[in-house]
Each structure stands twice: as structure tokens, then as C-alpha cells.
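Quick mapping for you: the protein sequence lines, in order, are chains A and B.
Quick note on numbering: our numbering labels position 22 of the first sequence as 22, and the sequence is numbered without any gaps.
Quick note on numbering: our numbering labels position 128 of the second sequence as 128, and the sequence is numbered without any gaps.
Treat the hints as calculated values from the structure; they're not laboratory data.
By construction, the Cβ of each residue, glycine as well, lies at the ideal position given by its N, Cα and C atoms.
Incorrect hints may appear among the rest.
One-sided excerpt, in silico: chain A residues whose CB lies under 8 Å from chain B [as the list claims (entries may be wrong)]:
1) Q100
2) I171
3) V206
4) G207
5) S209
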Amino acid sequence: MRVNFVLSEVATGLRRNLTMTVAMILTTAISLGLMGTGLLIAGMISDMKEIYYDKVQVSIFLSDDVSDEQRSAIEQQLSDSPEVASYLYESKDEAYARFQQQFSQQPELVQNTPADALPESFRVELVNPERYEVIAAEFPNGQNGVDQVRDEGDFLDRLFSLLNGARNATIAVAVVQALAALLLISNTIQLAAFNRRNETNIMRLVGASRWYTQLPFILEAAVAGLIGAALAVGGLVLTKVLFVDRTLAGPIKAGIIPPVDWSAIAFISPIIAAAGVGLAAIAAYVTLRLYVRL
Amino acid sequence: MIELQHVTKLYPASGRPALDDVSTEIDKGEFVFLIGSSGSGKSTFLRLLLKEDDPTRGTVTVNGKTLNTMSKWQVPKFRRTIGCVFQDFRLLRNRTVAQNVAFALEVINKPQRTIKRVVPEVLEMVGLEGKATRLPHELSGGEQQRVAIARAFVNRPLVLLADEPTGNLDPETSEGIMLLLERINRTGTTVIMATHDYHIVDSMRRRVIELNGGAVTRDQSRGVYGVGR
Ligand SMILES: Nc1ncnc2c1ncn2[C@@H]1O[C@H](COP(=O)(O)OP(=O)(O)OP(=O)(O)O)[C@@H](O)[C@H]1O
Ligand SMILES: [Mg+2]
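Just chain B, with the same shape it has in the complex:
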């Protein structure tokens, strides 16, 4: 479960808060869209959940852990329970698809045996079973995003954070990515996705949290992107 209590985030450079007294709860296994115009604080919201940054005020709790009081050396362990996907994929260019996914397991000391077993499994799940030895630049954008999702999911995280994962993809490819995220959600993983893509939000009818100037202006289960659109 994820809980934000009166969370305010002020970046040193700017006077206006990026998040302004945000309080919300997200249950285990939920699928949540985070929407709002550019600069409304969506990425900041996700960064706080990952403890990439600390809130200026308020408390953030993720998977039963209060992030405010978490010490530095505990952060890596915590992040192993969270998966992340971004608009720009963030793959390693000189490693193959399989190596990119394996990298996430190698650097947290998973045994080679396990890696050999789970990497093909997860590649099959995201639909890349025939492309394990390709390099990222030999893949389409949609395929690259699937690699990134495979990497985020291979360690079976409790929460998947996706920051505009379809931002660089055409509608059809985006749909495939969304099917994949839904499938991951059905395994019990909480998915929180920041997006500007109203087609997706409107067609999926999941919970929608709308931010405006850093404040929550709407929180609706089975919501749509916007009224009058």
C-alpha cells in the first residue's frame, strides 16, 4: 500500500511548490493514472515514491515503509521492490535485450542460475522471445519499451511506476504496451502511470488522480481523462 500524507515538495530553485499538500492512498493491486498538464507535478509524485527525492513536508509510505525516516543504506533494498519505466526507455546501448534485463538482476547479486531461468521467461511474457540477442538500436520504440518493462518486472516488484511510458509511441504500439501493463497489474502488482494520453485513460476506465499546480484536483475511480474532451 502507498500513502501520502500532506505531502509538499518545494524545489530549491522555484518558489511555487511542485506538490502542494497532497494526501492520497493507493491500495495494493490498484491501477492508477496520474494525469495533469505539463509541470503539474506527476514526475515529482513518482520520484517521491521511489525515494529519488524527499518531500519538503509530509510523509510518504510505500509497502509499509516510511520513506522520510529511511536511512540511505536501506534505500537500495527498498528499490528492489519497485519497478520503473520511463518515456525514454533508458536501456544500455551496448548490451543485448537479454543482457539489459539480466543487468538488473546481476547488480543486485542474483545467482546466475536464477538469471538464466527468469530472463527468458520475462522476455517471453513481454513478447520478445525471438529478439533476446538484439541490441536496442535494432528494435522499434515499442519493442525497446517492452525491454524496459521486462527489466522493471523481472524482479517481481510490488509496485510498478511508469512515467509517460507511451509518450514516444504511436497509438497502436501504445495499446500493446498498455495490455502488457494490465497483465502485470493482474499479477497483483500495483501500477501507477503518469500520462498525457487521453485515449488510453478514457478507454481503460481505471482510477484517475489529476494534479493541477501540484494539488490533487480530482480522484476518481473508473475515471476519464477530462471533462469536455
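Same shape as in the complex, but just chain A:
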């Protein structure tokens, strides 16, 4: 196959309907960028699950007037319970230190919180995290020095359902954008085929293979898809540098949110590129099949 011929056809085609090409590339870029964001959020969610879920499932907060006997009774009960895999005691001082670290970016909040405001607690890991109710029943709130038993898993479940929602919304918008991009690609290819109908008609008459006739159009779409993917990756890089690394620096440092690593972007970039090129090429192929007589 004559590479020069095909490439010059592709270049001419892209230039000839520039506005359509630009629209097609931008829509593709937005769609792929959102898809990439969705993938990054998904990666972040699984990182966060690792950070949080393993650690603590149930917190038993002790009341301010808890006695030493009550505290050791609770500890004894925890170490005897078959439901408990492990537990960790956190004193008021330790709680405050952790709080200071977590909110180091918000000094006013730290300043306005007295050192003894945070309760002491037992952080309990259950053999079976679903059995929260059993533990809660063993330590009734407000009795024997227990202030409150809290299912951290429940809080995490809500947090993660929020994050999952964000991910799903991003992907949903990406899908809608992808539909728009596919329609634009289809339209552009029809236009390109119409613009080059003299050439393709003659190619058909002299017996050029279908493949040879279609290839310039499919490549044209694929090139647009690739440019769209490059823009999308560029957008993700900018978002990381300008937004994530700056605005979210605090929570990331405190370990509340995992950072967006370059390796994560490097990992999803080829996926985005493949999706862009693949979808565009398939859209072009289907369009030629359905609407254009070659």
C-alpha cells in the first residue's frame, strides 16, 4: 500500500473540514479526559479502602469520668471476646496528637480545640466487620465508662458510596460525551466521504479494494482520536499539577486522601489513547459500512 498516498489523503481530509475536525477532537478529548478522571477516582477509591478499612472498624469512646477499674474491665472484656481480632488503646494525648497532624493545614481549628477535648478510646478490629451490632450490645452507651460505640465501617461505607457516586457520575458524563463524539466522528466521516466522492467513485470503478478505499477515512478518524487522547492526557496532567497537588495538598499530606501519582497517569494514558483511537476508528468503519457506498 502506498503510504504517501494514504497519508496525504488523511492530511487533506483533516484540513478540508477543519471546523468539524476541531469539534470532533475537542469532544473526544473531553470524553476521554472524563473517562481518565473516572479511572483515577476509581484507583483512588481502592487506595483509600486499603488505607482505612484495614485499620479500624469499631471505635469505643470512653466517657470523661471513666475510672481506671472501668477501663481495665473494658480492656479485659475486649481481649476475652471471640469477636475481636485486635484492639488498640488511644489516650486523650494520643488522640489530640493525631488530630493536630490531621488538621495541620487548618491551624485555627487546632488552636480552638482544647487539648483534652478529644475522648480516649479503644480502636477495635473485628474478626467479622459485619458483626458490629454484637460489640455495640456488649458495651451499652453511657454505662460502665463507655460514652459511645461507633461503627467506623458505617461512616466509611457512606464516604465510599459518595466517592463511588462521584466516579459513576464522571463516567456517566464521559459516556454521554463519548456518544456526542461518536456522532460527530460519524458526521465528519460522512462529510469527508462526500468531499472525496470523485476519488472514491473512481477507485471503485477501477477496482481498488474496499480496504484501500476506506483506510484514509478510518485513519483520519483514528488520528483525530489520538489527538483527542493527547489533549485529554494533557488535561489530566494540568489538573494534577494545578488542582490536586495544590488545593488538596493538605489532606494528602495528612494521609486522608491518597495522592494522584504520576505512575497512575502513566498507567491510564495508554488506555485513554487506545480508547480514543479504537472508538474513532470503529465509528468511522461503521459509518462507512452503513452510510457510504465505497
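Following the hints, complete the assembly by docking chain B with the ligands onto the known chain A.
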């Protein structure tokens, strides 16, 4: 050899058949005029031979291949054995004469070497040797038709289909085109030409197939355009 057996073509839009139970045979190397009034089915006849369209009923055989059963991917290969010329030339406006002819070879993957050799040859044969670098709009109608013929013939087809090739040309220019088609015919290429030009038909005295309302009403070797004309 070309053979049509009980070929009927109905276009979806119209009730009257464009071809109505046509059966005929055309031998290798024949020169055939296809005549008949406007709408009688001449172009449809040629389109079926090129497998641009399929017959509604009947079978079409060209160069030993039954077109009805030919699968889509075989069509391009088949078309390389057929040359086509039209009334409106169908040249690429932004390519030179030589490029227009070379295009037909490039898109079927002929080696550059071959193209460099055969394009000047065929341009000389059609009498355009000095005009290889001109663009179509820098040529007369007759010259443009010669480019189209060169393009149709450069791959040495077994059959040349011409749909009113002189329809846009004056009588003198038409005569030159006809001499060219005769010359191509003498190389062994079957030529089938649809035309309204009775001067040409009458002066050449070749086989004439006349269509009327899609049916063959006359098939005459060494025929003339029409009785009483
Ligand atoms: N694509 C089409 N769709 C529907 N009807 C068609 C189509 N092409 C041709 N016809 C009809 O088929 C009939 C034969 O048309 P055809 O073009 O074969 O005639 P023709 O002999 O070539 O006419 P002309 O001398 O004017 O070129 C006409 O009635 C025409 O209207
Ligand atoms: Mg016609």
C-alpha cells in the same frame, strides 16, 4: 465472453422494469453499440455488467464469472478486468493528465516502476504525449475523454464499457474518439458502447443491440441506427 440470461431489472422506485427479460451473448473481441431512446435501459445494462447493481431476476456472466453469486470482496478484483468511460469524463480536477491515469494503477497497488513505464505509453496511444502535465480544465472535451479512455485502458481490461462517450463532443472530435475505441477493440478488448449518435453507428456498421422499454427489440450484426433515418 458476456452473457445475460432472462435479465430483468426493477428499480425499487418505479413500477416499469428498466430491463425486461433481456437475453443476449457478446463474444470476446466484439464491438457492440447499445442504442435506444432515453430511458430504454442502456445505462442499466452497462451497470449490471460492472456489478454496480444486481439484476432483479436472471443471471449475468462476464469473463466467465457469474456476477449474481459473486461475493462483495471479489468485486474489486473483477472490476480490474473492466474499463469504463462516461459522457462526463469523471477526471480528478486537481490532478494532471498523467496523475489521473496513474491514479487508476496506484489504487490497485501496481508497482511504481510499472506505472512509470505504462502511463507514458498509454498517453502516447491516445495522442496526449505532450500534455501529460496539464490539468483537466486546461484540455478540450475531446482531450479529456482521451484521458478517461487512457485511464480505462491502462490496465488492459478485457472489456471496455462506454456510456455515451461522445455525448458531449462535436462530430469531428467524436470521430477521433471512435477511432481510438476501434483501435482498442483491435487489441482484442470487447467494447460495448451506449450511444444516441446515429452518424457514428451508421458509419461504423458494427453489431447493434436496440433496447425499447427495457426489452431487446433488435440485435443485428453490421447494423445501422434506425430504419427510416
Ligand atoms: N437509480 C435508479 N433508481 C430508479 N430508477 C432508475 C434508476 N436508474 C435508472 N432508472 C430508471 O430506469 C430506466 C432506465 O434507465 P437508464 O438510465 O438505464 O436509461 P438509458 O437508456 O441509459 O437512458 P439515457 O439514454 O437517457 O441515458 C428509466 O426509466 C429510469 O428512470
Ligand atoms: Mg444512460
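Now for the hints, and whether the structure bears them out:
no.	hint	result
1	Q100	violated (73 Å)
2	I171	violated (38 Å)
3	V206	holds (4 Å)
4	G207	holds (4 Å)
5	S209	holds (5 Å)
Of the numbered hints given earlier, the model fails hints 1 and 2; all others are met.
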